[in-house]
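Visitor: Here is how the chains run, residue by residue.
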Amino acid sequence: MLLINCPWCGPRGEHEFSCGGESHIARPALASTDAEWSDYLYFRKNPKGEHLERWRHDFGCRQWFNVARDTRTHAIRAVYRMDEQKPEPER
Amino acid sequence: MKRYSAWSLFQEGLGGQKGWRPAWRAAAPKARYDAIIIGGGGHGLATAYYLARNHGLTNVAVLERGWIGGGNSGRNTTIIRSNYYYPQSIALFELALTLYEKLSIDLNFNVMFSQRGLIIAGNSRHDMETIARLIGAMRLLGVDVEEITVDEIKRAVPALDCSPRARFPVFGGYRQKRAGTARHDAVVWGYARAADALGVDIIENCAVTGFEKSASGRVQAVETSRGRIACDKAAIVVAGHSSVLAEAAGFRLPVTSYALQAFVTEPVKPVLDVVCWTLATGVYVSQSDKGGLVFGGGLDLYPSYAQRGNLPIGASVVGTLAEQFPGFGRIRLLRQWAGIVDVVHDSSPIIDETPVPGLYMNCGWGTGGFKAIPAGGWLLAHQIATGKPHDIGAPFSLNRFRTGALIDEAAGAGIAH
Amino acid sequence: MKSARLAEGGDIDRARRLSFTFDGATFDGFAGDTLASALLANDVAIVGRSFKYHRPRGLMAAGVEEPNALMAVGEGPGTEVNLRATEIELTQGLAARAVNCWPNARFDVGAVNNLIARFIPAGFYYKTFMRPDWGFFEPFIRRAAGLGKPSAEADPDQYDALYAHTDILIVGAGPAGLAAARAAAGGGARVMLVEQDPLLGGSLRWRGGEIDGAPAKEWADELSRGLRMDEEARVLTRTTAVGYFDHNELALIERLVDRDTRLRFWRVRAKKVILACGAIERPLVFAGNDRPGIMLASAVHRYLGQFAVRAGERLAIFTNNDSAYALARDYAAAGGDIAAIIDHRRDSPAIDHALEAGLNVVTGDAIATGGASSLSGVTVRDKQGRERRIACDALAMSGGWSPSAHLFKQSGGALRWDDAQACLRPDRSVQAERSVGAANGDFGLRAALSGGHEAAVAALGELAIKTAPIALPRAADKGDRLKISPLWRVRAKGKAFVDFQNDVTADDIDLSAREGYVSIEHLKRYTTLGMAPDQGKTANVNALAIMGEATGRTPAEVGTTGYRFPFTPVPIAAFAGFQRGRLFHPTRRMPGHAAHEALGAVFEEYGGWLRPACYRRAGETPHDAEQREALAVRTSAGIFESSTLGKIEVKGPDAAEFLDRIYANTMSTLSVGKVRYGVMLNEYGVIVDDGVCARLADDCFLVGTSSSAAEKIAFTLEEWLQCEWPDLAVIVAPVTTAWGVVTLTGPHARDILLGAGVDIDISAEAFPHMSFRAGKAAGAEARIFRVSFTGETSFEVNVPPAAVEGVWAKLMAAGKAFGVTPVGIDALMLLRAEKGYLHIGGDTDGTTNALDIGWDHVLKRKSDFVGRRSLLRPADQARDRFQFVGLEGVDGGGALSIGAHVRKIGATGETEGYVTSSGFSPILKRGVALGMVKAGRLRKGEILDLQDGSKRRVRITDPCQYDPEGARLHG
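Chains as they are written, first to last, in my numbering: chain A, 1360 to 1450; chain B, 384 to 800; chain C, 94 to 1064.
The reader is advised that the hints may include incorrect statements.
Derived pair list, reagent style BS3-like, types lysine-lysine, alpha-carbon separation capped at 27 Å [unchecked claim]:
#: 1; chain 1: C; residue 1: K145; chain 2: B; residue 2: K401
#: 2; chain 1: A; residue 1: K1404; chain 2: A; residue 2: K1445
#: 3; chain 1: A; residue 1: K1407; chain 2: C; residue 2: K220
#: 4; chain 1: C; residue 1: K502; chain 2: B; residue 2: K385
#: 5; chain 1: C; residue 1: K502; chain 2: B; residue 2: K652
#: 6; chain 1: B; residue 1: K652; chain 2: C; residue 2: K242
#: 7; chain 1: B; residue 1: K537; chain 2: A; residue 2: K1404
#: 8; chain 1: B; residue 1: K537; chain 2: C; residue 2: K242
#: 9; chain 1: C; residue 1: K220; chain 2: B; residue 2: K560
#: 10; chain 1: B; residue 1: K652; chain 2: C; residue 2: K586
#: 11; chain 1: A; residue 1: K1407; chain 2: B; residue 2: K596
#: 12; chain 1: B; residue 1: K401; chain 2: C; residue 2: K586
#: 13; chain 1: C; residue 1: K242; chain 2: B; residue 2: K401
With the Cβ distance kept under 7 Å, some of the chain B side facing chain C (calculated, not the full set) [to be verified]:
#: 14; residue: W403
#: 15; residue: P772
#: 16; residue: I775
Calculated directly from the structure, the hints in this document are not laboratory data. All values derive from a computational prediction rather than experimental measurement. Think of the CB as a built atom: it goes at the ideal place given N, C-alpha and C, for glycine as much as any other residue.
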């Protein structure tokens, strides 16, 4: 079980959270093409490695925040609020 | 290929079983193939086999990063069924089921397809209304499903708690008699052996690292851990790792990879004769021929490439089985494992040419790829060989994500497959 | 074989004699025995039968790795099967039976399989049983397979679950684990020490030796007492660490004795983990190595030292390393006769010492064993090729040691092959973990003590916990190296077992190699090696090395299979813990539950809530009740509790703008005090919920949702606000359970509310449909909404939950004169079907978009809203989509069956539509139905065949079939 360091509540077990998938996806305007809209709805990076994703602390502060997590090891490198910058890419 | 039979087994028994040859050759890569299939799972091997058998294309290689059948083909709960809702899905999974019914004889390899039947139990009146709609749609198209009563479920699955006191009481359900289970490894090995006999090279420990394209953008070779291999056509058939190879080829997919856990208990004498699935919890269980209860439930809740599975979901699935089958509580969990499944929004597969000309793919089976192996291979082989999608495969195009014409079984049938 | 109990010694209490039965025969043992040690003390040679060939088997091991002695214990619902005799603590009256044999372990009919063994090698079933089909043969195979027979009755026991956090978790309380605990405890660090046996000490309890000048066992007991007094240290015995998960979380199973609860499932999050799980000895692979009387050397040693049981009168030892020599010493000291030490190695100082001590040492290999039901002798081939038979009734074998690296591997760590010690040992840690002692491949007492000690000191340092330095415990033992000479198999005629539990032989591995199943995973799957309940604990390393020999690869090149959770089998009920019965997915109850119960409500679950489906009176069927209740609403008044309806307050300067983006229709034009029906889509254009939205103030709305969507919609609103539109000044507060709701509906609804007392003007003029007022009603502060799910004049009275029962009682009393009738969900669903009101999730599914229900007008809006762009896609605008319509039987008859499909008259093939809601309308005296039909809205009036076997035909109509003008609604 992951231990996630909620920016508002501190470290808590994964069962208090839910994962909202890839973060930093821009929502296209109404005038977007079908292809742009489809990319937004369905197409994901799905990396084997570090994934920037958003999580919500359901049984806590109910706040969304971002997590940089390795999808191979599940190690979490960084946790940052929605209004914070992405961490520098891992060297 | 030395034929398998009771007679050959007897003869070999007299000689100490010394006369058998490898089920498939440990082939070294040639410089060039007409078609390269990336991924030595069931779908990839079936694609190679049907390319050779149905289309006479035998200069074919299957490249496998590790050992064949080491991904989801060897990690699933081996259930085979065709109880789908939409006509496109029914055509696809009926093709698979029909091929499975003759597969042991076709491949001369006993894949132990046991048509013991599938029972799906509904746990509310709403479930029963959904079931009526589902099986009505299936029966219009000839799928062998029938509604059954609580009493019939009690008789067929005495271990399931059907009492009114149960937290999720059973209101009734339906059955597919032709559904069942098969030995997953045997499906892989049977396809490998039969494809090998037709001349296909099966190359293990050969990881694909990149693609080489012609000036016009067409695939012309794959780069591998064992060197460059030229090809006319190639196909990516790697389930949970599809996004990784797609990125190497320069495009993206509507796929997210998740861990799906499965579980087996210690072997016990027969306690469950059918495959059973309840709608309220989504937990499904069957008993293997060896005696272990094989079961599973929902996906882990975040993207993962770790073939491991997490404890909260695992414990919830195992605990749920104990609650719904009160007599199973003291049977002991022997082993848990996980496969990385390729989930797309509508939980239907993608069988299509990719944005890279000459490069094809078969992915998106999510949690249900094993049951479709013969069809996945059959349809992709058709498209690789002819350049055009098979009628049954055509709806499962990549383009459906642009038009919105999804085939969303979970949304339509209320059941995630 | 003549095994026997010694007169003294061991951890047993000779004052407490316990009687037990095995396969029906009665025996005696002592407190402190395991079933295995007691059987051995009673000279029971055959304790089980093998899985495939049903060969007679005796005990091979003394711990969790035991492959042969699988037992069923208990009767009826308390039956447990496949338990290892080595892990069953002896209790008075214990009744054990060997599994997988009939009638018993000594005489087993299944042994016929052994006679045809040559025709049924590994994987034989893949080559035959194909015609007519597998289903023809399968029932026979199924009956023959499986081990124990479980009870079909419900498990009667209780289970528990606990979460714990600790600074340092130490797994295993052998020398390494104890040394770690000793160094870690006492300095303020929270320490957990976990041991699978009832007593701490591990091999210190039976292997002899001295630590810090005291006998090892006394050192362990002294330390154990100290740890139990330490408040910061938690010692769990009878507890097995079975899993190592992400972020240093481990799963433990604690067996509770003399308690109502049987097992406790611990999930422990540790800052640092020290794995001191020891090592498992390997058998040697030679012909006849499965004969009863042949055991692991460590097992013979442990039975001798811990249980005071001698495995035989004349013991032979077959080894390829130094570790078994200590057994020879102790066995002789206990009065046993050492027939010979057969050492595969040419030389070793240990051999010289043994020769000096007068022992018979043969340098060579065992090539065969003899004996009828148990061992009588072993045939040895020496280095010169000479063969001779040595009479013995027990044989101890040691093929080397495998570090118990299961948890390490589960943690994500990698193993490496150590040629010098001939084992796989932990290499690189991935999590905050250290393997120490034998678990790390550091064999010998001194290495164990220093490994454990140093790991604890290092962990404390990393945690920045300062403790007074403590001296490293000192042991005299110098045997830190095995001096092993690998011997993976002895080539000779006869079955040489590798996996004893699944009956896999060295020849099977050869066959697997011959047939190309050369990957270690293919070997495992093809031969089933390592897949039995013991998961190959004694088999896997021998197997990979033998496969290496067969294919010209080193063990390192062959590699290993995964080590899966759990380390030892765990009853599945233990995973549920206490979340069983009523605590398994607990249901929720409304504030007025007791009132409904008193009125005879038949409860069903709707989205997690228990709600009355109907209120059955004597002699009524549920259908009768539904009809009576529905008619009462149309003709007089009904009352129901709808506290479960979702309520979310949305407040702030941008609340109206926000809701305009959330709903498919506009909410900003709503005036204060008014209520509007709205539909919410997801980003895919699919309808996810509908409900009413009230404007409580200029900057405050109350969003109403369906009961089952309450939580989901609240989260969705938060997600849009926090992730997409953080610039909007809005807050969202879910208040569903802050309000209880009692609704009056029907032509007399107003009369009843007036009768119960209300301090606001509720006349139709002052308080019209689709508006709300705040005031006092039926004695409670209330928000009253005029919205209707039935098509009748309705007052939805929202009050504090604690007031619900009082309000309900007052309204019932006031309604008595009007015949007010409690109404269940069944009647409500029928009433709304008459009106053609949509039921999300019933009439719609996860593909239904806004256009499918006729909401084309939302595309005329100027601004964007969630899901709008998706409605513009070709597939969303396709002409043949399923659209929401009404359906009526052409025969004017009863209800249509829900879920039934429709097709054009006489058509075949796929569905053209289906019935989603239906019932018999008591007011219209005919069936009413709703459904989804392809392009249905353009096909009003068309007649279709109903595909439910009834041969009925239906006509497509408007959804609304009762009071289409809405006169009653506004009354």
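Visitor: Compare the structure with each hint and give your call.
Guide: To see whether the hints hold, each was checked on the structure:
no. : hint                : result
1   : C:K145 <-> B:K401   : holds, 21 Å
2   : A:K1404 <-> A:K1445 : holds, 16 Å
3   : A:K1407 <-> C:K220  : violated, 39 Å
4   : C:K502 <-> B:K385   : violated, 40 Å
5   : C:K502 <-> B:K652   : violated, 32 Å
6   : B:K652 <-> C:K242   : holds, 5 Å
7   : B:K537 <-> A:K1404  : violated, 47 Å
8   : B:K537 <-> C:K242   : holds, 20 Å
9   : C:K220 <-> B:K560   : holds, 26 Å
10  : B:K652 <-> C:K586   : violated, 34 Å
11  : A:K1407 <-> B:K596  : holds, 23 Å
12  : B:K401 <-> C:K586   : holds, 15 Å
13  : C:K242 <-> B:K401   : violated, 37 Å
14  : W403                : holds, 5 Å
15  : P772                : violated, 18 Å
16  : I775                : violated, 14 Å
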